[in-house]
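Chemist: Residue numbers (this note's numbering), protein chains in the order written: chain X, 27 to 624; chain V, 1400 to 1466.
If you're looking for bench data, these hints aren't it; they were derived computationally from the structure. Any given hint could turn out to be false.
Each computed DMTMM-like pair below joins lysine to aspartate or glutamate, with the alpha-carbon atoms no more than 25 Å apart [to be verified]:
no., chain 1, residue 1, chain 2, residue 2
1, V, K1424, X, D533
2, V, K1435, X, D489
3, X, K174, X, E274
4, X, K501, V, D1451
5, V, K1424, X, E274
6, X, K260, X, E457
7, X, K123, V, D1437
8, V, K1435, X, E493
9, X, K501, V, E1454
10, V, K1435, X, D302
11, V, K1424, X, E504
12, V, K1435, X, D510
13, X, K490, V, E1443
14, V, K1424, X, D89
15, X, K501, V, E1429
16, V, K1424, X, E457
17, V, K1430, X, E504
18, X, K490, V, D1437
19, X, K501, V, D1437
20, V, K1424, X, D510
21, X, K123, V, D1451
22, V, K1435, X, D299
23, X, K501, V, E1443
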Amino acid sequence: MATRERVKPEAGNLVEKSWDPITRIVGNLGIYTKIDFAAKEVATCKSTSSMFRGYSVFMKGKDPRDSHFITSRICGICGDNHAVCSVYAQNMAYGVKTPPLGEWIVNLGEAAEYMFDHTIFQDNLVFVDFCEQMVRDTNPSVMEKAEKAESPHAGIHGYATIADMMRALNPFVGEIYQEALVVSRITREMICLMEGRHVHPSTVYPGGVGTVATPQLFTDYLTRLMRCMDFIKKAVAMNDDIFDFFYEAMPGYEEVGRRRILLGCWGSFQDPDVIDYDYRNMDEWGRAMFVTPGIIVDGELVTTSLVDINVNMRILLGSSYYEDWANEETFVKQDPLGNPIDQRHPWNQTTLPKPQKRDLDGGNYSWVMSPRWLDQRTGDHLALDTGGGALARLWTTALANIVDTPYVKSTGHSVKITLPKSPNMPQHDLEWVIPQWSNAIERNRARIYFVAYAAAMALWFVDKGLEEVRAGRTKTFEPFTVPDNAIGVGFHEAVRGVLSHHLVIRDGKIANYHPYPPTPWNGSSTDSYGTPGPYEDAVMGTPIFEENGPDDFRGIDIMRAVRSFDPCLPCGVHMYTGKGRTVHQQHSPMFGANNGGG
Amino acid sequence: MLKTGKPDVSPDALAHTPGIMQGNKPGNYEKQAGHKPDGRSTAERSTGVNADTHEPIDPSMPNLSPA
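Construct the complete structure from the given sequences, taking the supplied hints into account.
Modeler: See below:
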């Protein structure tokens, strides 16, 4: 391991600052920036991942019926999203449809996952950046303001001032921090009820679920859901107060982590009345999902068609450590509707890893490729982000104006969420309104609103599930056979954003399998057209509000920008930075090559 | 000491031994008591013992499946 020379100012006032790995996220994400301390702005940024997973390589030749069990292991926190997405892809390939009761059970499991994961990330990880200890360290003047600032929603959450709330967010000792841990346990129990196990479900299969759907199953789930309801109502009010305070206390804070509004959402929660898992009807059942899929460019909803989303996906090599597959096999020339499928589409991708030294100056520097969406109107390869998942989901659902359920309704400019009376709180009518910006604060705010969205949806899913059981329609799975040759695709939302699994079966075995989770989109490297990935884009130009100088710089504004995307690059930690200076640099991009160091 | 007969199957025999019924075998679901041809199920499904006596005592009561 080489010791890196001290950071030296470059031309002008640029100072190199790097964080590798970024903590309190899943995985080994490195952010390498150059900061102009005189202008108080980040000048350049590169995001790198030093870990290669290789699922697309070792899935080949396996029995496709194993794919949801294997791909679930991609992630240690949202593995059930992968399992479910893989099941959707397999259902399409096998031509099997899950019975309605099975579909409601999967929706309930996934709703609990959103509640669990968003809560633990928001309150136990993101809010460390907004807690009293951190703010006192990085922005003492803001803490002084917080002591005097009254909380607009004190009547709901009980914290008189913003500073009181910030103290409750302090890690390990804060009241909210501890309460969130309890809620994350209860919500995980809810997932286990529906999907057998968290985080790698044992009862989710192609064709349905193995969960025994008794009335007690649903009441066990419902009692847990209602236990979380008080917390969620308080949490939404607290989040609004804290984030509004940040805008107020630091004018211009909306620029932190702000980027062009380029959002993608692949939809979540299937409607069993509509879905048949037939690719040819994918637009119809995609739009019927209870989180509407779509792509937003500059605030305009460009499409809600899953076929359109699928056909225009492009995987560019970007600045990643892979060889091109232009001359490799083309597995799928056209989709079942006759649309041509590009060689750079996940169905046709062949992963050819080429480990090499990291070169941040115009060379290759990451294991993450550059997934892009080709906008046919302009010919641009758009670097979509997911807004940490929740922002894109709420935004597309709001604009699409399709979702209309008893507790959640889309209005065309907002999403209305009703949380009924719970043990200690009256009914709350919440409304998430489309924000002005796609920035760090709004990504974080959307997260807690989506917890409310998932909880409200879950209430209705429980009703629908019980309706099936009471009518005697208790079948939870359909038998299926594996065809010799087939293709399939699953579109779903992992907690932190878009998730797709592309599958090609030949001779009854997997010929090609490509999962595209949210972080390859968000954390992608600069692509072949020179377009930076979303993290890079969001951090570049971010103003620095931190009051510390270059010597004791914490990079809090950059961290808030990056963490707002809910980064997840499983998984490894092997470098260390201190006092803003990179102490160690590891040239080998291979995780495990020199493990234990750092 | 209890006297037991000779086991028909060796304890380390494979689960997929010919002649052993598998729960997931096609057709197995349909032929169990309380499973109607249209995919619905009734209270009769609650047990394998005297299944047909487990229907509701009053016909106006809902015929609830245990699962």
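Chemist: A separate judgement is required for each hint: does it hold in the structure or not?
Modeler: Hints and how they fare:
| no. | hint | result |
| --- | --- | --- |
| 1 | V:K1424 - X:D533 | holds, 23 Å |
| 2 | V:K1435 - X:D489 | holds, 23 Å |
| 3 | X:K174 - X:E274 | holds, 13 Å |
| 4 | X:K501 - V:D1451 | holds, 20 Å |
| 5 | V:K1424 - X:E274 | violated, 64 Å |
| 6 | X:K260 - X:E457 | holds, 15 Å |
| 7 | X:K123 - V:D1437 | holds, 16 Å |
| 8 | V:K1435 - X:E493 | holds, 18 Å |
| 9 | X:K501 - V:E1454 | holds, 19 Å |
| 10 | V:K1435 - X:D302 | holds, 23 Å |
| 11 | V:K1424 - X:E504 | holds, 12 Å |
| 12 | V:K1435 - X:D510 | violated, 32 Å |
| 13 | X:K490 - V:E1443 | holds, 23 Å |
| 14 | V:K1424 - X:D89 | holds, 19 Å |
| 15 | X:K501 - V:E1429 | holds, 10 Å |
| 16 | V:K1424 - X:E457 | violated, 49 Å |
| 17 | V:K1430 - X:E504 | holds, 15 Å |
| 18 | X:K490 - V:D1437 | holds, 19 Å |
| 19 | X:K501 - V:D1437 | holds, 10 Å |
| 20 | V:K1424 - X:D510 | holds, 21 Å |
| 21 | X:K123 - V:D1451 | violated, 31 Å |
| 22 | V:K1435 - X:D299 | holds, 21 Å |
| 23 | X:K501 - V:E1443 | holds, 15 Å |
The earlier numbered hints that this structure contradicts are 5, 12, 16 and 21.
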